[in-house]
Amino acid sequence: MPIQQKVFAIFASIIIFIVIINLVKNKKLKEEYSWLWLLTGFVMIILVLWYDLLLMLTHLIGAVQPTTTVFIFAILFLICIALHFAIKISILTDQVKNLSQKISLLDAERYNNLFL
Amino acid sequence: MGKDRCIIIPSYNEEKNIVSVICDIRKYHDGDIVVIDDGSQDITSSAAIEAGAFVIRHPFNMGYGVALQTGYKYAVEKNYNILLQIDGDGQHSAKFIPELFNQVESFNCDVAIGSRFHAESQYRAGFLKSIGIQLFRKIIWMITGEKITDPTSGYQCLNRKAFEFFTNDIFPCDYPDANVIIMLHRAGFKIREIPVEMTSNPDGRSMHRGFFTISYYLFKMFLSIFVTLIRKP
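Quick note, the sequences are listed as chains F and Z, same order. Letter by letter, the first sequence follows residues 7 to 122 of my numbering. Letter by letter, the second sequence follows residues -16 to 216 of my numbering.
Bound-form chain F, shown alone (with noise of 0.2 Å):
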């Protein structure tokens, strides 16, 4: 691996980890979502460190160039984070509907009284 490949792998690696940190300590980000991009950044490290960590994984899922299996296990998490969004999304959206259901059920009382 060319030393500015390692180099620049570290360097954002570590600004990821910086951020993702920095998010949760100001409460921006919570803690559920943020183990899955602090990860993301120590297996990142983990394979700039540990070369042979990434040619054994290339060889195992039969990809010619290192670099194929860094863009392919990239895709696959963020299809994941997508997923996982998704599925958030369609729960909040349920419980948005129950809400403004119960809402509109409390309120429709004093409402309809305005009129009187």
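Because the hints were derived from the structure by calculation, they are not lab data. One or more hints might be untrue.
What the hints assert, rightly or not - Listed below are several chain F residues computed to face chain Z (Cβ distance under 8 Å; list not exhaustive):
hint : residue
1    : W43
2    : F48
3    : I97
4    : D100
5    : K103
6    : S106
7    : I109
8    : S110
As the list claims (entries may be wrong) - Residues from chain F that keep clear of chain Z, each with C-beta distances beyond 12 Å, as calculated:
hint : residue
9    : F14
10   : I21
11   : N28
12   : W41
13   : W56
14   : H90
15   : N119
16   : F121
17   : L122
Values in this document were obtained by computation on a predicted structure and should not be read as measured data. Backbone N, C-alpha and C fix where the C-beta goes; we use that ideal spot for every residue, glycine too.
Guided by the hints, dock chain Z onto chain F, whose structure is given.
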């Protein structure tokens, strides 16, 4: 008897029609009329209250299905035994209300659906919509063995067991339609169709319009039926 029955009207921006719809209903029904205003920007709510209906207002627009479900939840909360739903755009003729109530009250069925294709109605569906209706008729018939002629009808009467069933989160709030009929059938409810008259929407606008809207609708309905089938009844 009055407290027993309730009529719900889901409506969105219907200030022009809502008063005449309520007045029409009054001729055939002396019980409660509940208008669910799905976040209208016009004066649907106040017009409906002045016409003598009880109004439930959504804080923002959430769609026809959600408005229906709010009505079901209200009916459960207030302990009604029978609920009739009718559209707020004046498409459904109110004179069939007693007949629909009667079918459910005499235990002929759990859900009575007003069908526009049994009667000599003036209703003219657009070309694409007729194809869609034909298609879903076939699908319903294949899956449930029931001959439902008008699966898109929003003119229905339900007994308590049926509308309580729909207060659950499984109710398909985005497009309650053919999928609802299949869902009802699988849950063991008895469905029956009653011929009614319908006019094409007086304003010339309908829920299903435009090529893309209809294609999207067909796609969603297929998906929804599929999901209904793979889920446990």
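Cross-check of the supplied hints:
| no. | hint | result |
| --- | --- | --- |
| 1 | W43 | violated (30 Å) |
| 2 | F48 | violated (37 Å) |
| 3 | I97 | violated (10 Å) |
| 4 | D100 | holds (6 Å) |
| 5 | K103 | holds (6 Å) |
| 6 | S106 | holds (5 Å) |
| 7 | I109 | holds (6 Å) |
| 8 | S110 | holds (5 Å) |
| 9 | F14 | holds (44 Å) |
| 10 | I21 | holds (39 Å) |
| 11 | N28 | holds (34 Å) |
| 12 | W41 | holds (28 Å) |
| 13 | W56 | holds (43 Å) |
| 14 | H90 | holds (20 Å) |
| 15 | N119 | violated (10 Å) |
| 16 | F121 | violated (5 Å) |
| 17 | L122 | violated (9 Å) |
Checked against the numbered hints above, the structure breaks hints 1, 2, 3, 15, 16, 17 and satisfies the rest.
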